[in-house]
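As you go down the protein sequences, you meet chains A and B in turn.
Residues in the first sequence are numbered from 1 upward in steps of one, following UniProt numbering.
Residues in the second sequence are numbered from 1 upward in steps of one, following UniProt numbering.
Treat the hints loosely; a few may be bogus.
Treat identical chains as interchangeable: a pair holds within one or across any two.
To be verified - With a Cα cut of at most 27 Å, we get these calculated DSS-like pairs of lysine-lysine:
# : residue 1 : residue 2
1 : 3         : 62
2 : 265       : 447
3 : 52        : 192
4 : 254       : 192
5 : 192       : 255
It is worth saying that the hints were derived from the structure and are not from the lab.
2 protein chains.
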Amino acid sequence: MTKIELYDTTLRDGAQGEGVNFSLDDKVLIARRLDEMGFDFIEGGFPLSNPKDAEFFERLKKEPLKNSKACAFGMTRRRGVKAADDPGMKALLHSETPVVTIVGKTSDFHVAEVLRVSEQENIDMIAETIAYFVSQGREVVYDCEHFFDGWKSNPAYAAKTIQAAAQAGALRIVMCDTNGGTLPEEIARFTKEAAAAVDTPLGIHTHNDCELAVANSLAAVDAGAVHVQGTINGLGERCGNADLISIAANLALKKEGYEVLSPKKIARLSELSGYVYEIGNLLRRINQPFVGPSAFAHKGGMHVHAVNRVAHSYEHIPPETVGNERRILVSELSGRSNIIATATKLGLAEDADLMNRVLEEIVNRENRGYQYEAAEASFALLVRKLAGTFVPHFTLEKYHVTSENQGAGATTEATVKLHVHDEVEHRVAEGDGPINALDAALRKALKAHYPKLAQMSLVDYKVRVINSEAATAASVRVVIESRDESDGETWGTVGVDENVIQASWEALVDSIEYKLCKDEG
Amino acid sequence: MTKIELYDTTLRDGAQGEGVNFSLDDKVLIARRLDEMGFDFIEGGFPLSNPKDAEFFERLKKEPLKNSKACAFGMTRRRGVKAADDPGMKALLHSETPVVTIVGKTSDFHVAEVLRVSEQENIDMIAETIAYFVSQGREVVYDCEHFFDGWKSNPAYAAKTIQAAAQAGALRIVMCDTNGGTLPEEIARFTKEAAAAVDTPLGIHTHNDCELAVANSLAAVDAGAVHVQGTINGLGERCGNADLISIAANLALKKEGYEVLSPKKIARLSELSGYVYEIGNLLRRINQPFVGPSAFAHKGGMHVHAVNRVAHSYEHIPPETVGNERRILVSELSGRSNIIATATKLGLAEDADLMNRVLEEIVNRENRGYQYEAAEASFALLVRKLAGTFVPHFTLEKYHVTSENQGAGATTEATVKLHVHDEVEHRVAEGDGPINALDAALRKALKAHYPKLAQMSLVDYKVRVINSEAATAASVRVVIESRDESDGETWGTVGVDENVIQASWEALVDSIEYKLCKDEG
Numbered sequence: 001m002t003k004i005e006l007y008d009t010t011l012r013d014g015a016q017g018e019g020v021n022f023s024l025d026d027k028v029l030i031a032r033r034l035d036e037m038g039f040d041f042i043e044g045g046f047p048l049s050n051p052k053d054a055e056f057f058e059r060l061k062k063e064p065l066k067n068s069k070a071c072a073f074g075m076t077r078r079r080g081v082k083a084a085d086d087p088g089m090k091a092l093l094h095s096e097t098p099v100v101t102i103v104g105k106t107s108d109f110h111v112a113e114v115l116r117v118s119e120q121e122n123i124d125m126i127a128e129t130i131a132y133f134v135s136q137g138r139e140v141v142y143d144c145e146h147f148f149d150g151w152k153s154n155p156a157y158a159a160k161t162i163q164a165a166a167q168a169g170a171l172r173i174v175m176c177d178t179n180g181g182t183l184p185e186e187i188a189r190f191t192k193e194a195a196a197a198v199d200t201p202l203g204i205h206t207h208n209d210c211e212l213a214v215a216n217s218l219a220a221v222d223a224g225a226v227h228v229q230g231t232i233n234g235l236g237e238r239c240g241n242a243d244l245i246s247i248a249a250n251l252a253l254k255k256e257g258y259e260v261l262s263p264k265k266i267a268r269l270s271e272l273s274g275y276v277y278e279i280g281n282l283l284r285r286i287n288q289p290f291v292g293p294s295a296f297a298h299k300g301g302m303h304v305h306a307v308n309r310v311a312h313s314y315e316h317i318p319p320e321t322v323g324n325e326r327r328i329l330v331s332e333l334s335g336r337s338n339i340i341a342t343a344t345k346l347g348l349a350e351d352a353d354l355m356n357r358v359l360e361e362i363v364n365r366e367n368r369g370y371q372y373e374a375a376e377a378s379f380a381l382l383v384r385k386l387a388g389t390f391v392p393h394f395t396l397e398k399y400h401v402t403s404e405n406q407g408a409g410a411t412t413e414a415t416v417k418l419h420v421h422d423e424v425e426h427r428v429a430e431g432d433g434p435i436n437a438l439d440a441a442l443r444k445a446l447k448a449h450y451p452k453l454a455q456m457s458l459v460d461y462k463v464r465v466i467n468s469e470a471a472t473a474a475s476v477r478v479v480i481e482s483r484d485e486s487d488g489e490t491w492g493t494v495g496v497d498e499n500v501i502q503a504s505w506e507a508l509v510d511s512i513e514y515k516l517c518k519d520e521g
Numbered sequence: 001m002t003k004i005e006l007y008d009t010t011l012r013d014g015a016q017g018e019g020v021n022f023s024l025d026d027k028v029l030i031a032r033r034l035d036e037m038g039f040d041f042i043e044g045g046f047p048l049s050n051p052k053d054a055e056f057f058e059r060l061k062k063e064p065l066k067n068s069k070a071c072a073f074g075m076t077r078r079r080g081v082k083a084a085d086d087p088g089m090k091a092l093l094h095s096e097t098p099v100v101t102i103v104g105k106t107s108d109f110h111v112a113e114v115l116r117v118s119e120q121e122n123i124d125m126i127a128e129t130i131a132y133f134v135s136q137g138r139e140v141v142y143d144c145e146h147f148f149d150g151w152k153s154n155p156a157y158a159a160k161t162i163q164a165a166a167q168a169g170a171l172r173i174v175m176c177d178t179n180g181g182t183l184p185e186e187i188a189r190f191t192k193e194a195a196a197a198v199d200t201p202l203g204i205h206t207h208n209d210c211e212l213a214v215a216n217s218l219a220a221v222d223a224g225a226v227h228v229q230g231t232i233n234g235l236g237e238r239c240g241n242a243d244l245i246s247i248a249a250n251l252a253l254k255k256e257g258y259e260v261l262s263p264k265k266i267a268r269l270s271e272l273s274g275y276v277y278e279i280g281n282l283l284r285r286i287n288q289p290f291v292g293p294s295a296f297a298h299k300g301g302m303h304v305h306a307v308n309r310v311a312h313s314y315e316h317i318p319p320e321t322v323g324n325e326r327r328i329l330v331s332e333l334s335g336r337s338n339i340i341a342t343a344t345k346l347g348l349a350e351d352a353d354l355m356n357r358v359l360e361e362i363v364n365r366e367n368r369g370y371q372y373e374a375a376e377a378s379f380a381l382l383v384r385k386l387a388g389t390f391v392p393h394f395t396l397e398k399y400h401v402t403s404e405n406q407g408a409g410a411t412t413e414a415t416v417k418l419h420v421h422d423e424v425e426h427r428v429a430e431g432d433g434p435i436n437a438l439d440a441a442l443r444k445a446l447k448a449h450y451p452k453l454a455q456m457s458l459v460d461y462k463v464r465v466i467n468s469e470a471a472t473a474a475s476v477r478v479v480i481e482s483r484d485e486s487d488g489e490t491w492g493t494v495g496v497d498e499n500v501i502q503a504s505w506e507a508l509v510d511s512i513e514y515k516l517c518k519d520e521g
């Protein structure tokens, strides 16, 4: 078994992704979680360029990582300055991390065009910077910027740069595919050539511009690299960095002879993925390999039929090995088998007569534009209704919504009149729009009766016209996604009507009823 | 140069993706666009399992594809039935597509456990099904389900199944990595072994469960496959199918010796990607390789500096080769090239000062959630407004919309008070929903002044929440598509507001103003 080191740069390279903006506390929380997971290296940031990153390292001084080595990132010393006198070096030294990660130039072209120094000066900058930190008792990970482009255009010079790094005492030499343009076969070839040029263990750092970041990382490992840099969920600039989640899962579960995280830790990858999305307040990629909510979701009737017979037919690994779970989606493409599978989870599959009524009702509703694959909560309520086990927590007498614009922008007011526990609740609320106002009025009416509703919030709201032909007179489908802050569960509900307000009302009511049924257990 | 065929299954396998739900019209629109792009094969659906797909093929009978071959998908005949008598075969025959795609079993395990027939019967099912369609003058693409798992567990039997398909006259034999669990090195090895077993040209069909779908497709091509199946944007079940956009771009721009789409068509990949997301009302993946809005966006200061010196330092290809563009995230000038192109069409590009004001306003509006890709009419009006050449045909004093439900379903009424030609028009109308009612009242108010408005109808209406975080209180973007029955022109308009009614009003007014300006020539 070859041990493969995982080097996480979510907090530095990952933070370069569009829409990614970690607060200091976010960074500390994520670092603690990665430490707990046992990643070998955690890169915290670029102290010279970013005060927040400098502050992050101050926090680590007070409470160091337990399992992982913290890394501070910087560039080689400037031209014509002693390493000891360079402000970047001082910032890195001050970070007091056991590991310093230095990025330097490999490509003669970049040395001339971007850095604008002599080839020898670049080599001195690399060697002196690394030697300086080694003399200060730090371990140095050396990142070779544009490694593959450099090796392609001038292998002799590229080799000199990594040999200088090796002689200076670098702990690891990391080949970076900086612009993400290299193909797996080139990665493999150049990795073997680099391994022949230095004895220092090699690492790989890839980007996903060709949708090959994971394949490129695996190709480098097969060619001898023992250290992989990436980010959680593939966050990063442009198309992102290599996703360490997919890489760890592939190395641990799919490939032979490599040792990464323990099975216990691999089983927490889904949780880790979700945690980073939550902390970063980022929209998750639902079909993300291994850990996405769709990764083991089955929709096609033919497939579901087979999945129920032999799960691994359509699952390359058992979902639980990465802490994920199988989901059966209800949809027009699915045959009876999906519905049975879902009803089974609700413990109703034995009742053949009920199953037939459910099936009939689903078909009927799908023809009217309902769509249950993203609305499992509405589906569950529908089954309960048809089973006669559903008791509504409130009934509508009327709602009334008014929107007007007198030139100074639109204003909206909604009133609802409900019957709850033999009481009549008649409430009014304003809102940013009709749905928001209805939601507010509904919550006012129910608050006293069902205080736990405060735990529930709407996280997404989608509207789709079903048959475009008739335009605004056509039916609309509203899908609402809700979340229970008390346990993190999210659920979808659906409403269909010619009137977007009525369709939204339907989805709102289902969402609230689902929460209320849930709380009764 | 080896010609590599692109086989698109967005409309069948792509439609299995969670949240993907194409209407019949959506499917026809996408098929026309793929046909225009010149994909070799377009798979339209599974006529037996899905009436909507059967209806799709009826539409193609009336207006056949011009450049691509349409394919209807189905399974091998059932056990113990003559192919000619099997309902699945009849449905496929009735679809009248030049190509029929048949999926059959390659793995002895699935033959025994899922299909539950003898190994010989499975081979007969494959051979007879293919031979039957060949006898009916159809070309047959044969998809080998679980090809790689099957070849791994029992290569001798797997080989027999594809030899039977080859002898029966299959046009292509497509190796499917059905559960997405195979690694590139295995794909390459088994592809070479399959090529040794049959002379029929081979194809590859992969899924992204290990985040290797694109790498696996390229590995198969390098090993001799000449036909690649996938979907636009990698839509598909679980983690999705291989993304044909990344595959086409890699084959055309990154790898040597392969011929796919022409450079002109490759330069339309970004447009195609956006089109499929828009039609499907799907959230786009902003960091999607090659075509995502972030794919050439630069955030890191160090990078931006270098990008300005030597673009290709941090761009593996020029963005325009795939119809994308560079964005520097500090200055949000997205879409500049589109804006200039559109303004040129309006004959305003030479006015540099106007151009700058337009750019400024667009950036400003994009930050508020406006999106002009699907709203060229709103853009044209915006340019006229900034140029000072726009004279409104009516002005709003107020509108008032009421929706209520007293238990007998929702009813809606809208009033509008407008100033038109120094007259005040105050009208009321009912509608199926608030937008429909507003549209009706607006038309009543304008009919006498602008009779030609009767020629105009709304053909589509889409709503999307812009930032999901705040749910129903977030801003919504409304896009309306209108058509002029007098000349068949269609145009899109957009409105953004926290209030869906106000956003819809904005888009409605733009749509009507565009028609009125148009009639003035």
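Cross-check of the supplied hints:
1. 3 with 62: Neither way: residue 3 and residue 62 sit 31 Å apart in one copy and 61 Å across, limit 27 Å.
2. 265 with 447: neither (41 Å within a copy, 57 Å between copies)
3. 52 with 192: Answer is neither; intra-copy 39 Å and inter-copy 53 Å both fail.
4. 254 with 192: both (23 Å within a copy, 21 Å between copies)
5. 192 with 255: Both: 19 Å inside a copy, 21 Å across copies.
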